[in-house]
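Q: Each protein sequence line maps, in turn, to chains H and R.
Note that UniProt numbering has the first sequence beginning at 1, numbered continuously upward.
Note that UniProt numbering has the second sequence beginning at 1, numbered continuously upward.
Since the hints were derived computationally from the structure, they do not count as laboratory data.
Accuracy of the hints is not assured; some may be wrong.
All copies of an identical chain are treated as equivalent in the list; a pair is satisfied when it fits inside any one copy or across any two copies.
Capping the alpha-carbon separation at 20 Å, the derived lysine to aspartate or glutamate pairs in EDC-like fashion look like this [to be verified]:
| # | residue 1 | residue 2 |
| --- | --- | --- |
| 1 | K203 | D290 |
| 2 | K102 | D284 |
| 3 | K6 | D131 |
| 4 | K276 | D131 |
There are 2 protein chains.
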Amino acid sequence: MVVKQKVLLLGATGETGASILKGLQESGNFDIEVLVRPASKNKPSVQKIQEQGIKIWCIDINESSDLMSALSGVDVLISAIGPHGLLEQKKLLQAAKSAGVKRIVPCAFITVAPPRGAMLLRDEKEEVYNDIKFLGIPYTIIDVGYWYQISFPSLPSGKVDYAMIVPNSTIHGDGTAPNILTDLRDVGRFVARIIYDDRTLNKYVYTYGDILSENEINRIAEELSGEKVEPTPMSNEQIEDSVAQAKAALSQNPQDPMKRTVLYISQYKHSKYVRKDNSPAYADYLGYLDARSLYPEFTPLSFREFFVEVLAGKMKKVYSS
Amino acid sequence: MVVKQKVLLLGATGETGASILKGLQESGNFDIEVLVRPASKNKPSVQKIQEQGIKIWCIDINESSDLMSALSGVDVLISAIGPHGLLEQKKLLQAAKSAGVKRIVPCAFITVAPPRGAMLLRDEKEEVYNDIKFLGIPYTIIDVGYWYQISFPSLPSGKVDYAMIVPNSTIHGDGTAPNILTDLRDVGRFVARIIYDDRTLNKYVYTYGDILSENEINRIAEELSGEKVEPTPMSNEQIEDSVAQAKAALSQNPQDPMKRTVLYISQYKHSKYVRKDNSPAYADYLGYLDARSLYPEFTPLSFREFFVEVLAGKMKKVYSS
Chain H
1 MVVKQKVLLL
11 GATGETGASI
21 LKGLQESGNF
31 DIEVLVRPAS
41 KNKPSVQKIQ
51 EQGIKIWCID
61 INESSDLMSA
71 LSGVDVLISA
81 IGPHGLLEQK
91 KLLQAAKSAG
101 VKRIVPCAFI
111 TVAPPRGAML
121 LRDEKEEVYN
131 DIKFLGIPYT
141 IIDVGYWYQI
151 SFPSLPSGKV
161 DYAMIVPNST
171 IHGDGTAPNI
181 LTDLRDVGRF
191 VARIIYDDRT
201 LNKYVYTYGD
211 ILSENEINRI
221 AEELSGEKVE
231 PTPMSNEQIE
241 DSVAQAKAAL
251 SQNPQDPMKR
261 TVLYISQYKH
271 SKYVRKDNSP
281 AYADYLGYLD
291 ARSLYPEFTP
301 LSFREFFVEV
311 LAGKMKKVYS
321 S
Chain R
1 MVVKQKVLLL
11 GATGETGASI
21 LKGLQESGNF
31 DIEVLVRPAS
41 KNKPSVQKIQ
51 EQGIKIWCID
61 INESSDLMSA
71 LSGVDVLISA
81 IGPHGLLEQK
91 KLLQAAKSAG
101 VKRIVPCAFI
111 TVAPPRGAML
121 LRDEKEEVYN
131 DIKFLGIPYT
141 IIDVGYWYQI
151 SFPSLPSGKV
161 DYAMIVPNST
171 IHGDGTAPNI
181 LTDLRDVGRF
191 VARIIYDDRT
201 LNKYVYTYGD
211 ILSENEINRI
221 AEELSGEKVE
231 PTPMSNEQIE
241 DSVAQAKAAL
251 SQNPQDPMKR
261 TVLYISQYKH
271 SKYVRKDNSP
281 AYADYLGYLD
291 ARSLYPEFTP
301 LSFREFFVEV
311 LAGKMKKVYS
321 S
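One chain only, chain H, in its complex shape (with noise of 0.2 Å):
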């Protein structure tokens, strides 16, 4: 008889934590419990899994008993945080440390970049992962790129609108930065493999569909339509400029959860497209490992198969619900 391990999701109801979730359940290796803040209680979204028999622990995390009661037996935490909350896991550590969690999973799961200074996205997960490694707690750092679902343009015609949350078609810089793409709905596949394999501990990795440039993208995305698209080019000067005013609007309000953002979507195209950090090559030099070749008898959704499913009017648009 296998015994299954034993998971605590944080953030399962964020797009990210419900890949996983999905791709935890999907695996059949896991007994999976759900760790949700008493503000998030009542959300439908919760309530969801709840009906689906998962066992939701509703707790405090400035609560370090409630937190030992929850991490108690836990072989692997995943926390799949949001971007807002990445420091919030510092409080979790000494607890996973104490209740003896085999593996954490930090909230990582973005593009490849260097460790500080590029982007405050990635520097404030480096503080976490500092953290993690001045306790000594076994982690597996878990990157996916850029999800298929914010990396096509829009077409003349308008019909991906519908799945896009700004419809736009900007290409940046040349074009030619290649990136490193991971269909969302399959983070969660490309989880429940790397979380079960010894060969990740204390490692980095990242996961990809296909590395494509948005030259590349455009043309996969014209020969499925049979349109044009029409670019609208941005320089990285341009990139460059939205980085320094989105820094600056942040520094006069430096909690703003909708400056931050600001300052993340541009701080992400400048490490894609001007650094041209988020590719294979980088991730290779920064130590990661390529999951693709760890798991060769997994195919994951190629950004073909999306688009085509995006074009028949079947794709959800992120952040929706």
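Fit chain R to the supplied structure of chain H, relying on the hints for placement.
A: Showing chain R alone in chain H's frame:
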């Protein structure tokens, strides 16, 4: 014909730098040049290097054009800069990148410790490592643990005190923490191998001659000397107090080199003996390669061999010239 690698070494007159210079010379695989700052130009130790026919670049590292000349054609840039000048290395990095240096070995050469939060000395090194990763320069981090030369006890006869900076026979905590130890004279021999090896590119590597606890060191010292070590105990609480005091003193005058040194020493003790960081297990957790596994054909000096020399009056006190 084997083409030699061109190495530029900064800090060649310090203890670590001198060992590296000697190790590189012994190996025969390198064309060595040395970078010194104008203030050091007339030091006898610099003149001694010059007398060996080694090219000396006497350069203000704030002058980027001079720096570019020194870095032109350099394969490996090694920095063994002193502990108070670590952040000065940041000025070298952009130039090293522009010059196409194929590997940078920033000043590491200390104990294995967490990237942040345990030792100010390590925290400042981390800043430099992060800048290197930001720029994407190929690198190798080499840590050597603590030197034999500062890891042996005073004996009742006083016969080994000549080789000690401050004679003492303190035992920290229960004396059982295992420590990564390297003979200072082997540092350069390891470095010569590590930088000539593609397997160590973009990796962390630790070296050791022996892994020993203070209790084990004392047993060897007693066996070889026939004397009985009379240890002075220092409890974990006393070590923690010494760190707190050193921090408080430094906060009064953050740039005072003496106060920084006192903090470095107390944090070394805390990291080595209370946290027990400087161990193969923690190095492995942090992703270090083990230099002994990489170079099984090289037998470094053992602590036992070292202490025989100390007893014979043949050792030189470190930091004495």
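Q: Indicate which option fits the pair K203, D290 if close means a Cα-Cα distance not exceeding 20 Å: within, between, both or neither.
A: both (11 Å within a copy, 17 Å between copies)
Q: Under a CA distance limit of 20 Å, which applies to K6 and D131: within one copy, between copies, both, or neither?
A: neither (23 Å within a copy, 38 Å between copies)
Q: With identical chains, the pair K102 and D284 could be close in the same copy or across copies; at 20 Å between alpha carbons, which is it: within, between, both, or neither?
A: between (26 Å within a copy, 16 Å between copies)
Q: When no copy is named, should K276 and D131 be tagged within, between, both, or neither for a Cα gap of at most 20 Å?
A: between (28 Å within a copy, 16 Å between copies)
In the structure shown, a violation is registered for the earlier hint numbered 3 alone.
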